[in-house]
Amino acid sequence: MATERNHSDQELTEGIRSGQNYEAMIRHLYQKNYPGVHAYIIRNSGSDQDAQDIFQEVIVTFIELVKQQKFRGESAVSTFLLALTRNIWLNELKKRGRSQLREEKFEKNKSREEGDISRFIFHRELRSQLMGLLDTLGIACKTLLLAYYYENLSMREIFPLLQYENEQVARNKKYKCLKQLEQVLASKPELAGNIKSILLYE
Amino acid sequence: MSSKDINTDTLIRYLDGELQGRELADIEQAISENPSLQQELESLRSAQLLVKSYGLRQQVGNIHAQMMEELKATQPSGTPVRSLFTRGFRVAASIILVIGIAAAYQYATLSARNLFDANYTAYSIHQTRGEQAASRLEQLYLHDSMQLITTVFPNTKEPSQQDYFYTGNAYLQLGNAPDAIRLFTLLQQKNAATNQHMLEEDTEYYLAMAYLLNREPGKALPLLTQIHNNPQHLYHDKVSSWFLLKAKLLRDK
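Protein sequences, first through last, are from chains A and B. With the first letter of the first sequence counted as 1, position 118 gets the number 118 in this note's numbering; the numbers rise by one all the way through. Adding 1000 to a residue's 1-based position in the second sequence gives its number in this note's numbering.
Read the hints as simulated data drawn from the structure, not as lab findings. Owing to the predicted nature of the structure, the values given are computational and were not obtained by experimental measurement. Do not take every clue at face value.
[To be verified] Label pairs and their in silico Cβ distance ranges:
hint: 1; chain 1: B; residue 1: 1038; chain 2: A; residue 2: 69; range: 41 to 49 Å
hint: 2; chain 1: B; residue 1: 1226; chain 2: A; residue 2: 94; range: 52 to 60 Å
hint: 3; chain 1: A; residue 1: 168; chain 2: B; residue 2: 1236; range: 42 to 50 Å
hint: 4; chain 1: A; residue 1: 14; chain 2: B; residue 2: 1240; range: 19 to 27 Å
hint: 5; chain 1: B; residue 1: 1158; chain 2: A; residue 2: 202; range: 21 to 29 Å
hint: 6; chain 1: B; residue 1: 1243; chain 2: A; residue 2: 94; range: 45 to 53 Å
hint: 7; chain 1: A; residue 1: 94; chain 2: B; residue 2: 1192; range: 46 to 54 Å
hint: 8; chain 1: B; residue 1: 1226; chain 2: A; residue 2: 6; range: 37 to 45 Å
hint: 9; chain 1: A; residue 1: 187; chain 2: B; residue 2: 1026; range: 25 to 33 Å
hint: 10; chain 1: A; residue 1: 183; chain 2: B; residue 2: 1026; range: 37 to 45 Å
hint: 11; chain 1: B; residue 1: 1071; chain 2: A; residue 2: 190; range: 35 to 43 Å
[Unchecked claim] Within a straight-line C-alpha distance of at most 27 Å, the following computed BS3-like cross-link-like pairs (lysine-lysine) qualify:
hint: 12; chain 1: A; residue 1: 188; chain 2: A; residue 2: 173
hint: 13; chain 1: A; residue 1: 179; chain 2: B; residue 2: 1072
hint: 14; chain 1: B; residue 1: 1219; chain 2: B; residue 2: 1248
hint: 15; chain 1: B; residue 1: 1052; chain 2: A; residue 2: 196
hint: 16; chain 1: B; residue 1: 1157; chain 2: A; residue 2: 176
hint: 17; chain 1: B; residue 1: 1248; chain 2: A; residue 2: 179
hint: 18; chain 1: B; residue 1: 1219; chain 2: B; residue 2: 1253
hint: 19; chain 1: B; residue 1: 1072; chain 2: A; residue 2: 32
hint: 20; chain 1: B; residue 1: 1253; chain 2: B; residue 2: 1238
hint: 21; chain 1: A; residue 1: 188; chain 2: A; residue 2: 95
hint: 22; chain 1: A; residue 1: 67; chain 2: B; residue 2: 1052
hint: 23; chain 1: B; residue 1: 1157; chain 2: B; residue 2: 1190
hint: 24; chain 1: B; residue 1: 1052; chain 2: A; residue 2: 70
hint: 25; chain 1: A; residue 1: 176; chain 2: B; residue 2: 1052
hint: 26; chain 1: A; residue 1: 173; chain 2: B; residue 2: 1052
hint: 27; chain 1: B; residue 1: 1190; chain 2: A; residue 2: 188
hint: 28; chain 1: B; residue 1: 1157; chain 2: A; residue 2: 173
hint: 29; chain 1: B; residue 1: 1219; chain 2: A; residue 2: 32
hint: 30; chain 1: A; residue 1: 196; chain 2: A; residue 2: 67
hint: 31; chain 1: A; residue 1: 196; chain 2: A; residue 2: 176
hint: 32; chain 1: B; residue 1: 1238; chain 2: B; residue 2: 1219
Beta carbons are placed, not taken as given, at the ideal position from N, Cα and C, and that holds for glycine.
Build the full structure now, drawing on both the sequences and the hints.
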C-alpha cells in the first residue's frame, strides 16, 4: 500500500476546506478510521457490505460538514466519525426494524455529542433520491455541470475537453443545464422543500 | 437594471461570480427588493449544491474501491517466517541465515498489491497523438480527468477501441481493478470480433497490471510471460525476469 503521510486533525480539516490534496485527505480518513467503523458495524449486526456503505456515507457527511464549517473540531475527527457511524447505523437498523433493544442501549449510552450529531444524519434516503435527480439529466449536462461546479474547471478548459465549439457555446449549455436541473428539482417539491436540511444539514 | 431585466442567465452569472462593478451592484439591489428573484436564486443555489454533493459522492465512491483493495492487502496474512538456523554451521550458516531471512522476508511481504505498486506507471498518451483529432475520452484522459471519463463512457454511443482503452486506464488509475479488467477484456473481444489489433500490446500489459491490482496473479502471469518472452513487445522492457519471478512466486503463494 502506498504509505500516506500522517495528518493532524487540523491539517485534515484545513485540507478539506481548502480543497487542496483532497484525495490524500480522503485516503487518510479511510486508513485511520475504516477498521474501527468496520469492527463497530460487524459487532452490531451488520455485514461487510453494510460497513462499506455506511462508511462512504459517513465520509461524505463529514466532508460536507467540514466544508460548511459545521464541524468545529471540538472533538477528535475519529471520535466524531465514530459518533456519525453510530447514528447512521442506528437509523439504518431502525429502518430494518431490528433496532429496539439496540436503540434502548444506544440511547442510554450515548454522549451529549452524539445527541447533537443526530440532527446531521436524517434524510439519508431523501439524499439518495436527490442524487438520482442528477442522473435524469443527459450525460452531456451532467458531465458539464460536474466539470464546472465540482472539478472547478474553467470554461476555457472545459470547452475543448467536452468538445464544444467554443467557450461561449459551453457557457450557454451550462446555463441551460443548470436551469434544467432547477426545473427537475421544482417538479419534486417534497425534495426541493427539504433541500437545505438534506444537503446543508440544517 | 430593473428586476424585469434580470433573467435566469444573469442570476447564474451572479451565482458563479461572473458579475462585477455596476452590474453586480444592480443585481444585488434587485434581488434584495424582489422576493421572486430571491426564490429563484435559492433554487439555482440548491441545484449547484446538488451537483457538488453528487460529485463528492462519486469521488468518495471511486476512492472507496481503491481503499478497500489496499486495506485488504494490508491485513496480516499470518505467513510464518521459518528460521533456517541450526547448530553446527558457523560463518556459512550465518550467511545463509541472513540470505534466508532476507528471502523469507521478501516472500512474506510479497503481495500482488506491492508488485503492482512497484511496477505500475499510468499510461501516458503521446502528445502528438493527442493534438490530432482526439476523441472526447482521449481529451479527458489527456487532461487527467479520470472521474469524468468513468461518467462519460457508459453513455458513449458505440465506443471505439480507444474509448475502452482510456476508460480501462481511468479505472486503473482510480484503483478500480474489476472495472479496468472488464473494459480491457471487452476491448480484446472487440479486436477479435473485428480482426483488428488496436492497442493490443498496451492492453495486454495494462490488463496484466489490473489483474495484479485485483490480486489475481495467476491471471496476470500468462500475459506477463508473453510480454517478457517477446523482445519486440512494446512493454518487453517493463517486464524484467525479477518481476516475472515475483509474479510466479505470488501465483504459487
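Next item on the list: May I ask which of the numbered hints given earlier this structure violates, with the numbers listed in increasing order?
Entry: Numbers 1, 4, 5, 10, 13, 17, 27 and 29 - these are the hints that the structure violates, sorted from lowest upward.
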